[in-house]
Amino acid sequence: MMNPRPRIAITGIGLVTPVGNDARTTWANLQAGHSGLDTIRHFDASGFPVRIGAAVKNFDAAAVIKNPKLLNHATRSHRFALAAAEEALADAGIRPENSTAERWGFSVGAGMMGVDYRELEAVQKICAADGEVHPEKFLTADFPADPVAFSRSQTNAGLALLTRHFGIRGYATAVHTACASGGQALGTALKVLRRGHADFMLAGGFDSMLNPIGLSAFCLLGALSADNETPARASRPFDATRNGFVLGEGAGFLVLEKWDAAVKRGAKIYAEFAGDGNSLSCYRITDSPPDGDGPIQAMRQALADAGVAPEELDYVNAHGTSTLMNDRSECAALRAVLGNQVARVAVSSTKSCMGHLIAAAGAVEAAICALAIRDGMAPVNANFSQPDPACDVNLVRGKSQPQKIRAALSNSLGFGGSNSCLVFRNPEEVR
Amino acid sequence: MNSPIVFTGLGAVCGAGKTVEEIFEAIIGGRSAIKEISAWDASCWPRRLAAEITGVDNRTLVEDRKLHKMISKTDMFGLYAANTALQQSGLAAHRASLDTATAVQFSDRSGIFAGSGGGNYSCNYDFFPALAAAAGDLKKFGGQFSESVNPMWLLRNLPNNVLCHVGIRHNFKGANACITNHCVSGALAVAEAAAVIGAGEADRAVAVGHDAPLEPESLQHFQRLDLLAAQMLRPFDRDRDGTVFGEGAAALVLEKATDAQARGAKILGEWLGSGCVTEATGVLKIRPDGDGVSRAIEMALVDAGVSRNEIGLIVAHGNGTRASDVSEAAGIRHVFGDKIPPVTGFKWAYGHLIAASGIIDLVFALTALQRKIVPAIPVLDLIDPEIAPFPVSQTAQIPRGDCALVVCRGFGGMNVALIVRAFPA
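Protein chains in written order, with our numbering: chain A, 1 to 431; chain B, 1001 to 1425.
Note that these hints are calculated values from the structure, not bench results. Glycine included, every Cβ here is placed at the ideal spot set by N, Cα and C.
Reference listing, derived: stretches of chain B covered by chain A, where coverage requires no fewer than 3 residues with Cβ under 8 Å from a Cβ of chain A:
(1) 1032 to 1043
(2) 1133 to 1142
(3) 1194 to 1208
(4) 1405 to 1416
Calculated pairs, DMTMM-like style, for lysine to aspartate or glutamate (alpha carbon to alpha carbon, straight line, at most 20 Å):
(5) B/Lys1140 to A/Asp44
(6) B/Lys1139 to A/Glu229
(7) A/Lys404 to A/Asp375
(8) A/Lys137 to B/Asp1126
(9) B/Lys1285 to A/Glu102
(10) B/Lys1140 to A/Glu132
(11) B/Lys1139 to A/Asp38
(12) B/Lys1339 to B/Asp1384
(13) B/Lys1066 to A/Asp287
(14) B/Lys1139 to A/Glu121
(15) B/Lys1140 to A/Glu121
(16) B/Lys1140 to A/Glu119
(17) A/Lys125 to B/Asp1137
Model the full assembly from the supplied sequences, consistent with the hints where possible.
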């Protein structure tokens, strides 16, 4: 006999985002509609076609992680991850100990960039002075062969750093499906808990592509808003005048555990992590199909997995990148999935305030859904003024909207066509 | 009772060949693909071995000329392996036989799980001409990079390209993941694919692992860390001195046995279970006692519902480094005591494929079960006294049962164990 599927609770949240270096500040600023978008200041972007971004500001990892040696092994985005994960564990009031370490798992959506820009520049100077790589130069004494930098650049370096620091010895994985990574990491964590391969999961995402290479890469694709003079308004998802997304950075982590165990230990429960849906659009690498095919299946699966009907859904945290193709495709999908409920269900994209956190986006936005449920508050879709008839969903306009949220849904739709949809249920609705 | 999950397609490409049969014949015949690197002039490098894929036209691997502009080398291998496995499965013909509504549902219930690798450094070199021209002036760089960098740069280097393009080609639109967990990526892709089928979230899936790790910057780091072999990759040998990297990919098609039987597909083996743990030791360190190896195996035995006595052969990670092999043997001994089944490893033949290492080993573990042979490790001279007695051999052995265990280890203290069975048992 199969055991009944265990119910999973969210009991800890940690965030480092462009609108705040912890969950409380981030959530307060999103509710107030404060923008984290600004001219890029942490490197000289003045010559780039796009000079705006959503940077994490005044962040001091050393204040949270009191281990200078460890921080030396951490890239910019790893530092965000360490701080967010520490906050999530502290918030949950439980962390791995010797006796439980093997039952703790880890799942993360990790950014794709491992090499720091300054390291790349140093390699170029020595090994490719004329722009062409000369492999024999790697063998010279000048080459900056730093084993720590080598470790930092590995695809699972963040996983290695966090599992070591927090003493997690069970299941561990890192995933990357571009903008859907964070959502897929949480979905994986849910599956691992349900199949009993762990009792606790630290799950989330981290990324920082807000550096000269990452910025160049998105400029080349023409995916970014070039509203350089009005950065705070540059990200305006679903607005008829939107013209691209704003590149952000940050990290978000959740502590997930079995519901009954969380209740038993008296943990505060933000929400039930109730459902996960996952699909491929099989359309084009950068675009979602105009009819919403792909995202539709992910949303339907997630709702069915959660046992939530559209009538019970009160809030959607949209992927809402502020690009024409995404926003229209996502709205088509919302219409198809929500049917006659589409006029009722509140929708917002918090990317309007904090930009697009790429591999971290899905995890951060899942945390926002949990906070929205706890506080009964649908955060505002900022910067919206001119409706696009193709995006006729019930946007949270003007200011955040107090309302009971019985269930919330978070979409993450990635380059490459991976779609992740997560559904969360209000603890009061759990019976 | 849920239907068992079975394999109905296998695909592989590596230095030792581009079909499963060709590669297995090389293994059985004792032919290693490890040679001096040809991708760049490595003649003055202290460590200059690799198992490269040579003499194969890119268009043989991926026919679509336009697609080559959108993908990198590692993706090319992954797409080839996935296509080969899917071809063998006969699923495309099956889908074509379905009515439209059933075919749509078929697509939505077909998943893709990729374990993706591809090197960490070379992709960024496309920016070197612009960096050189800017000479440290970032403002200048910002104004000029678009003149020398391909507009598709980001897309070509996305880790999840294989998901995207296998999906488009085969209309697989269901559950998916792209795992970027270093050496265990491919092994975890199979484990996650099986888990979603087991949970009823998909009916079938292709799992693929791919890597093209041969880049000079990376190799010089491994060389300085003294992890690379000078002469040959000799797992568990007293004189082993390191590993050798290879490039390539492997893929498996998984589906429910009832579906496979209903459509008359040839069943190549049965999935039983997996275990995945980290030693929490950071990127490079591993525990000498094989803690992660033994815990992953024990977890996999429980997941598979088989006893250790039912394991007929072990395909070890056996990467040939001093620390990994001795700790791996300790971990295996911790589980099996003095009743360790015959052990082999294949990296001497096709090198260490990093993200594809565990999944290609699984393909040949299944092949070994089908042929009822535990292939020899012909490069073995003398089993390391620190490891002996340990049932590896210079000559072929006979499996003592119809289940195979594959061990896969990676950076981050990662250890994954996979268990499969011959079909019919």
